[in-house]
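Going line by line, the protein sequences match chains E and S. Note that our numbering has the first sequence beginning at 1, numbered continuously upward. Note that our numbering has the second sequence beginning at 1, numbered continuously upward.
A few of these clues could be false.
As the list claims (entries may be wrong) - Think about it this way: if two alpha-carbon atoms lie no more than 20 Å apart in a straight line, the pair counts; the simulated EDC-like pairs of lysine to aspartate or glutamate are: (1) S/K44 x S/E101; (2) S/K52 x S/E101; (3) E/K68 x E/D31; (4) E/K56 x S/D38; (5) S/K52 x S/E24; (6) S/K67 x S/E24; (7) E/K71 x E/D1; (8) E/K5 x S/D38; (9) S/K22 x E/E42; (10) E/K54 x S/E101; (11) S/K41 x E/D1; (12) S/K41 x E/D24; (13) S/K44 x E/E15; (14) E/K108 x S/D38; (15) S/K40 x E/D1; (16) S/K40 x E/E15; (17) S/K44 x E/E42; (18) S/K9 x E/D1; (19) S/K36 x E/E42; (20) S/K40 x E/D24; (21) E/K108 x E/E15; (22) S/K36 x E/D1; (23) E/K68 x E/E15; (24) S/K44 x S/E58; (25) S/K71 x S/E101; (26) S/K41 x E/E42; (27) E/K105 x S/D38; (28) E/K105 x S/E58; (29) S/K9 x S/D30; (30) E/K108 x E/D31.
Bear in mind the hints are in silico, worked out from the structure with no lab data behind them.
So the chains spell out like this:
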Amino acid sequence: DQQVKQNSPSLSVQEGRISILNCDYTNSMFDYFLWYKKYPAEGPTFLISISSIKDKNEDGRFTVFLNKSAKHLSLHIVPSQPGDSAVYFCAAVVGGSQGNLIFGKGTKLSVKP
Amino acid sequence: DTAVSQTPKYLVTQMGNDKSIKCEQNLGHDTMYWYKQDSKKFLKIMFSYNNKELIINETVPNRFSPKSPDKAHLNLHINSLELGDSAVYFCASSLRGGNQETQYFGPGTRLLVL
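Starting from the given sequences, assemble the full structure and let the hints guide the process.
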């Protein structure tokens with residue numbers, strides 16, 4: 001029973017264009033969401049997060065949008081760069097929990113030069 | 001200056017053996033975690049410790065026993081290894097273990113049980 005779903009296993013984008021990675025969740029108790037980036041043979045690296053009281057958070061080329069009514073969040077990367085090629089994991093935390101991150105299965109992003 | 005380190009990076013062993021994976025963080029964090037990434041690529045939490053105390057213990061076989069000698073270390077000992085234990089194990093840490101904190105991950109330990 002996946003509480004966090006990333007339905008696109010892969011995404012290919014041209015360098016300079018926008019990459020949009022999507023994530024859906026089912027648990028309405030989630031109140032904090034994170035995106036992690038993972039290169040092969042490395043651990044996940046924190047990218048950006050958003051609290052459920054916000055609908056947008058921006059950090060440089062990365063923006064996360066949260067639509068609570070649709071239980072959907074997305075990560076926008078613009079402009080995309082070849083170095084952004086990695087697996088992106090969406091993760092969520094239940095409010096009041098002890099930091100138990102629930103991860104999606106990941107989306108592999110390939111940015112073509 | 002590695003923040004979260006794990007040893008070994010690779011571990012190949014026979015079924016039935018007992019093995020340990022070590023994790024250390026130099027971030028001064030109070031909380032450490034173990035995650036398992038299985039063959040289907042799902043990352044799932046196994047345990048978390050806050051200041052050497054067990055906080056989260058998901059449904060994990062009791063062959064898995066975490067040990068925290070101090071708040072900078074959280075080791076994972078696995079008894080009687082089974083084929084299904086083959087996975088990548090990630091250690092992570094966060095400042096206090098609050099639910100709106102960033103967790104920082106180690107590079108992972110790739111365990112293969114033959």
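### Query
Hint by hint, which ones does this structure get wrong, listed from lowest number up?
4, 13, 16, 18, 23, 29 and 30
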